[in-house]
Every structure is written in C-alpha cells, then in structure tokens.
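K.L.:
Each chain is listed here by its residues.
2 protein chains.
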Amino acid sequence: MKIISTKDSLSYGIQVCQRVVSSKNPLPVLSGILLKAGDGTLTVTATDLEVGIECTLPMDIQEKGAVVLPARILGDIVRKLPDVKIVMEVNSQNFNTTIKYGQSEFNLLGLSSEDFPILPSIDFSSVLTIKQELFKNMIKQVIFAASSDDNRPIFTGALMEIGEDTVKLVATDTHRLALRTAKMENNGFELEKSVIIPGKTLNELNRIMTGEGEDVKIAFGENQIVFELPGTKLISRLIEGQFPNYKQVVPQGCKTKIKLKTKELLEATERASLLAKEGSNFVKITITEENMTISSNSPEIGKIEEQLPIEMEGEETQIAFNSKYLIDVLKVIDTEEILVELTGSLSPGIIKPAEGQNYIYVILPIRIV
Amino acid sequence: MKIISTKDSLSYGIQVCQRVVSSKNPLPVLSGILLKAGDGTLTVTATDLEVGIECTLPMDIQEKGAVVLPARILGDIVRKLPDVKIVMEVNSQNFNTTIKYGQSEFNLLGLSSEDFPILPSIDFSSVLTIKQELFKNMIKQVIFAASSDDNRPIFTGALMEIGEDTVKLVATDTHRLALRTAKMENNGFELEKSVIIPGKTLNELNRIMTGEGEDVKIAFGENQIVFELPGTKLISRLIEGQFPNYKQVVPQGCKTKIKLKTKELLEATERASLLAKEGSNFVKITITEENMTISSNSPEIGKIEEQLPIEMEGEETQIAFNSKYLIDVLKVIDTEEILVELTGSLSPGIIKPAEGQNYIYVILPIRIV
Numbered sequence: 074m075k076i077i078s079t080k081d082s083l084s085y086g087i088q089v090c091q092r093v094v095s096s097k098n099p100l101p102v103l104s105g106i107l108l109k110a111g112d113g114t115l116t117v118t119a120t121d122l123e124v125g126i127e128c129t130l131p132m133d134i135q136e137k138g139a140v141v142l143p144a145r146i147l148g149d150i151v152r153k154l155p156d157v158k159i160v161m162e163v164n165s166q167n168f169n170t171t172i173k174y175g176q177s178e179f180n181l182l183g184l185s186s187e188d189f190p191i192l193p194s195i196d197f198s199s200v201l202t203i204k205q206e207l208f209k210n211m212i213k214q215v216i217f218a219a220s221s222d223d224n225r226p227i228f229t230g231a232l233m234e235i236g237e238d239t240v241k242l243v244a245t246d247t248h249r250l251a252l253r254t255a256k257m258e259n260n261g262f263e264l265e266k267s268v269i270i271p272g273k274t275l276n277e278l279n280r281i282m283t284g285e286g287e288d289v290k291i292a293f294g295e296n297q298i299v300f301e302l303p304g305t306k307l308i309s310r311l312i313e314g315q316f317p318n319y320k321q322v323v324p325q326g327c328k329t330k331i332k333l334k335t336k337e338l339l340e341a342t343e344r345a346s347l348l349a350k351e352g353s354n355f356v357k358i359t360i361t362e363e364n365m366t367i368s369s370n371s372p373e374i375g376k377i378e379e380q381l382p383i384e385m386e387g388e389e390t391q392i393a394f395n396s397k398y399l400i401d402v403l404k405v406i407d408t409e410e411i412l413v414e415l416t417g418s419l420s421p422g423i424i425k426p427a428e429g430q431n432y433i434y435v436i437l438p439i440r441i442v
Numbered sequence: 074m075k076i077i078s079t080k081d082s083l084s085y086g087i088q089v090c091q092r093v094v095s096s097k098n099p100l101p102v103l104s105g106i107l108l109k110a111g112d113g114t115l116t117v118t119a120t121d122l123e124v125g126i127e128c129t130l131p132m133d134i135q136e137k138g139a140v141v142l143p144a145r146i147l148g149d150i151v152r153k154l155p156d157v158k159i160v161m162e163v164n165s166q167n168f169n170t171t172i173k174y175g176q177s178e179f180n181l182l183g184l185s186s187e188d189f190p191i192l193p194s195i196d197f198s199s200v201l202t203i204k205q206e207l208f209k210n211m212i213k214q215v216i217f218a219a220s221s222d223d224n225r226p227i228f229t230g231a232l233m234e235i236g237e238d239t240v241k242l243v244a245t246d247t248h249r250l251a252l253r254t255a256k257m258e259n260n261g262f263e264l265e266k267s268v269i270i271p272g273k274t275l276n277e278l279n280r281i282m283t284g285e286g287e288d289v290k291i292a293f294g295e296n297q298i299v300f301e302l303p304g305t306k307l308i309s310r311l312i313e314g315q316f317p318n319y320k321q322v323v324p325q326g327c328k329t330k331i332k333l334k335t336k337e338l339l340e341a342t343e344r345a346s347l348l349a350k351e352g353s354n355f356v357k358i359t360i361t362e363e364n365m366t367i368s369s370n371s372p373e374i375g376k377i378e379e380q381l382p383i384e385m386e387g388e389e390t391q392i393a394f395n396s397k398y399l400i401d402v403l404k405v406i407d408t409e410e411i412l413v414e415l416t417g418s419l420s421p422g423i424i425k426p427a428e429g430q431n432y433i434y435v436i437l438p439i440r441i442v
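Protein sequences appear in the order of chains A and B. Each residue of the first sequence is one higher than the one before, counting from 74 in the numbering used here. Each residue of the second sequence is one higher than the one before, counting from 74 in the numbering used here.
Source of the hints: derived by calculation from the structure; they are not laboratory data. Nothing here was measured: the structure is a model prediction, and the numbers come from that model. For each residue, glycine too, the CB sits at the ideal point set by N, CA and C. Some hints could be false.
Label pairs and their in silico Cβ distance ranges [claimed, not checked]:
no.	chain 1	residue 1	chain 2	residue 2	range
1	B	408	A	113	44 to 54 Å
2	A	440	B	353	53 to 63 Å
3	A	429	B	286	27 to 37 Å
4	B	227	A	304	23 to 33 Å
5	A	99	B	361	43 to 53 Å
6	B	286	A	350	34 to 44 Å
7	A	408	B	167	37 to 47 Å
Isolated chain A, as found in the complex:
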C-alpha cells in the first residue's frame, strides 16, 4: 500500500474516527485504526465493537492495500505534521509503515487488516432522510436527559420513534424526560419503527455532523443503525429492551401556567444553584400573581432570592426542583420565552418553548416538607 496525501486530508479522516477507539480495549487490533487504500479513495475505519465510524476520502493511491495502525499515536503525530506532501508506504510483508514528510519520516509497527472486524453491511433500501441541522438540534435538546448509569442500559439511550409523518426523540433518567418531535412529511421511510439509540452514538454523531445544509441518512439492520453523512458512515448497535411509555409520563393539563424569559430564568437559577450546591441541591420556586421567586439557602453560608417578572394564569403555587435539571433544559431551548406548567408542588412540572409545540420537558419535583 502506498498513498500520497495532504496533511489536512489524512488528519481529518483519522480525527473523525479516532474518538471511538477505546483505549481500554484488550484486543490490540481494536486500539488501532484501519486504513484501506482502494480505487482513488482511502477508507479510514475505527470501532469499539459497539460504535464504528468509516470515513472515505478521495486520495492519490499509488498502490492498493490495507494496514491497522495504533490510533492514538497516529492521530497525535499526524495532527502535528507540517503542511507538506505526505507519503505513506506500508510493507506488505510485515506491515511496517513509513510516513515521509519533507526530509523527515516516522515509522510505525502496523498490524494486518485481516483481524480487524468488518462493520456490518446494512440494507439502504428503506432510508430516513433528515436535515443534519434539524437532527443536531433534536439530539442537543434530548440527550442530556439520558442517564449515565450503565446498570440500567435503557435509560442511557434515546428512543427514536418514526411515525407516519413525525420523528420523535425521547430520553429520560426517570427524574426528568425530554421529548422532541419533528414533523417529517415524505421522510422517505415507509415503516413505523421504534429503536433505542445509545447516548454515546448520538454524541459521536453530533460531533461529526457539520450541519451546513446537508442531510443525514438513517437506515436499520438487525439490531443496528447506520447514519450516513457525505463521506462518513457511523454504525452502532441498538439498545435492546422496552423503553418506558413516555406518553403516560407527560401530564395532561395543569393548574398554573407561566410565561417568562428563558435567559432570565436560566441566569437566576444559575446564581441560586451556587448556594444550592452547598446544601441539598434544590431551588424553591414560588409563583404569585406578581412574579416568580427562585430561592435557595445553605444554613452555613447564606441564602439567595431572585425575583422575575412573569405572565401567569391559574393558581398561585410553590414547587422545588433539582437546580441542575432546570439549568440543563434552559440551556437548550432556543426561543426567547418559555412556558412553565405546574399542578401543585407534588406533580411533575412541564417546561416548553413559548412558541411551537415541538419540544416538551417533564421534571419531577423534590418534596421539601
């Protein structure tokens, strides 16, 4: 194998793939990246057996072939190469790889590509097509609500529900739930389908989606999902099991309805949370006809009381929330104003954008008495 590349091209391909390589993997071949030189393209592949990324780059191929190189050191060195012509040559007998740039060169001991796992091939006959920008936003608004506790795998992923003319993304850690709906007429997909996608997969996808006007194409295999971007494919296993019925969790109706500025509530909650952190980590919210008061206190340090102007309908009420759960959602809502819907201090609250009905966040209160 012999290729001639620019620094940026090689560096880009390795950088896209490198992050999925697990440093803890016991199989040496999996701590490597597969480079495969074919007809005018170099394919760079990495996988940790749960998520795999494959990046195809146009390349000047002098001699076809393949090699597996250690991911971390390859990435580190290639990122620091000077911006000159780079020639990579692999000894087809022992896989020793030489990378030449200017008067200098480095050599890496490579491995045969034979032992590198083959990413499953997936049927692209039925494909869901979404604008990257939209899907990025959906992931951003939902994935933070997933759990990081691997003991309950279902909650570490997000449910994707493809309906006749909608695509929904839902995540919950059982304390709060985020649900994003996108209208999708003619999404190109013929079936209704429900899958649970690992949080790690969606985070990696978000990282490699550039968003600018391009589509992401989504297809499914046996317990697998693949996301196809121009030049890059991300394949992931799905999480098996039954996602909780989120429709039951979303309260219908409310007794108190408030409208206020997203940024004002975010900043007030952030300040209040600084004191909350020292104590039991909750902020107390009191709604009167005049305003909303957000307060927290720490007996040893002091207390804080923030007042915000609101538009309000219904009953005056009080409720307490984990301040982190409140801050998380206020950071991902894009509209200037939000609606907060409450039904007493023991029922879940709802937060959603003041305009559009495409996002809803349910948050369980903390009992403080």
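Assemble the complex: chain A is given as a structure, and chain B must be docked to it using the hints.
P.N.:
Quick look at chain B alone, frame taken from chain A:
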C-alpha cells in the same frame, strides 16, 4: 458598611484576589476575602499567609466598615450577577451581608474583619521600577525551569539578583537552568540585592500584570517582597536559603555551535516527543555538517527521524535531551532563530536566542549508552 458598585468593578476586585485564597486552609477567616470600605475606595484583600493580594477600587461608599466573606461563593455569584447597580450592605453587629441587584438579593454570613491577618507594611523608600511588559517576559522565560518539588524549596523559586545596572532572574530544577538578564540603568534602586521569590508568587504576579505600558514597582521588607501595580499590591514572603551558584553552571565556550529556526526545532521535537513519551522520554540529536537529526524510538510502536537544515561551526556531535526540557524553552524564546552550543554528548548544552545576549538556557544531557 454600605457600598454601591457596578458588577464589573466588584467582580474585578474579587477575581484578582480570589485565586490566592487556599481552599484547604484550616482557619475559616482565611477562606474568606476582606472587603474594607474607606474614603471613596473599597479595598479587597486575600491571603494564604504566604502570598497576599490587595486591590483598591474607587467606589461609592455610603457607609464605611469592613467584613470578611467566603471567597469562592462570593466570587462565583458576583461573576454571574446581571449588569445592574449592586448595593452591598453589612450588618455591623453580626456581619450578615446583603447584596441587592434589581429585584433580587443574596445574603451571605460574614465574619468580623478583626481576625483577618494584616498584610505587613513595607518601606517604599527604595523601589525598583520595571516595565510590566519586560518583567512579564522575564518571568515567562524563567519560571517554568523551577522545580515543583516542595521538599527542596529553594528550587521552587526564582533568584532575583539586582546589580548596579542589571536585574537577573534565574530558576533551576537542577536538570536545567534558565537565566534572563535585563539591562536596567537608573532603575531607581540603590542597593545590590539577591532574593529568592516563590514560583507561585511570580505566577500570580504574571496573571495580574496587564503589561500595557505600565510599570511594576518592587520593594523589600524583612524577608518580604511587594509588587505594586496601579490599584493592586501583591505581597509575598521570600524563600530563605542559598541559591546555587548559577555562574558555575553555565558552560564557558563550546565545541559545536549551531544556528537554526526556533519554530522548526520546536515542531520537530514535539513530534519526536510523542514517541519518546512511550519510552524513556528522550530525543537524540545528531549534528553533522549538513543538518541536525532529531530522533526517538519506542521498540513497541515505531520510530521517528526528523531532519532540519542548520548553520554549523565546529565538531560533529551527538547528544540526548529530555524532550520536555527542550520543548519548554523553545516555547518561550521569541526570536526567529536560536543558537545551540554543545561540547560533546556528556556536557551540558546551551540554548539561547540568536540575537541579543539577554537569555541563556542550560540543559543537562541524558546518557544513553
């Protein structure tokens, strides 16, 4: 005590002082910041008993007084305040402090200022005056060579030597030594003086010096040093003991003299160090009449060999250095070209800017045979 402030003014004063507050301090009053409202000024003071910072701000003082407030939480909240008028009022009986902004307020339990240590007052009759920009550069070029090992306190500081018409700053961790000299005619200081300043002090000073055309004034007390900037004073203890005789460490003359581009050597060494890190952490340098070769290898991963064009006088030679020690100095030399002076593979090497004789870096070789 009662003051009216802008957010930026209060936030600036607290932020300048806050970093010296040690979170591990067993005395509660030392985890606080002293605020003292006097005639038209607020003085903010923090100290860990080794370093103290005092920042004086013009302020609308409604009522004089003083209070000690918990440093971290005060800093965190004030930084997040909205950009409105801020009113701080202290109850002179129990030191409870209320900070009002818009419709909101927070309360902190304060402490009496009586237990707060008084920073030593220092005689400003003999003062050394240096441009901040120059002194910042001197610190940057020297302090990284100090040791972080508290068991040998002398090496954790930098020697400042004030001569008739020079000021020198020297630091060494016994593996390498950095020496910066500044010509200082009429520096305003009448005595010759040698002191060892803690590395932490110089790092804090570097952080608060803005550099833009202003001076820093330096004065000395009994085992104390004070740096005065407009509006801010930094007082520090000195390190007691005998600094090694750096003049003996700097080799006189050399057998091989090389001139090359600073940036080229830095980038080549950074690449080589990536492989060196996996092994014994050194890079090997080979000088021939044609060029310099920098190489390193890791038996399990591979090897790297960089070639750089040089101008060379004297003998061909080989030497090995800890790659970190080489990278550190190449990052702080501002000139386009450097001189490297060597005398065989067992004697210390010298690195210095190709122009100007105000900086010299001595680095011990690693025996590799």
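K.L.:
Compare the structure with each hint and give your call.
P.N.:
Okay, the hints, checked on the actual structure:
Evaluation of the 44 to 54 Å hint for residue 408(B) and residue 113(A) yields a pass: the beta carbon distance comes to about 45 Å. Hint check: residue 440(A) to residue 353(B), Cβ distance near 60 Å, so the stated range 53 to 63 Å holds. Between residue 429(A) and residue 286(B) the Cβ separation comes to about 53 Å, which falls outside the hinted range of 27 to 37 Å. Look at residue 227(B) against residue 304(A): about 57 Å separates their beta carbons, and that is not inside 23 to 33 Å.
A C-beta distance of roughly 45 Å is found between residue 99(A) and residue 361(B), which places it inside the suggested range of 43 to 53 Å. The supplied range of 34 to 44 Å is met by residue 286(B) and residue 350(A), whose beta-carbon atoms lie about 41 Å from each other. Separation of residue 408(A) from residue 167(B) is about 44 Å and conforms to the stated range, judged on CB atoms against 37 to 47 Å.
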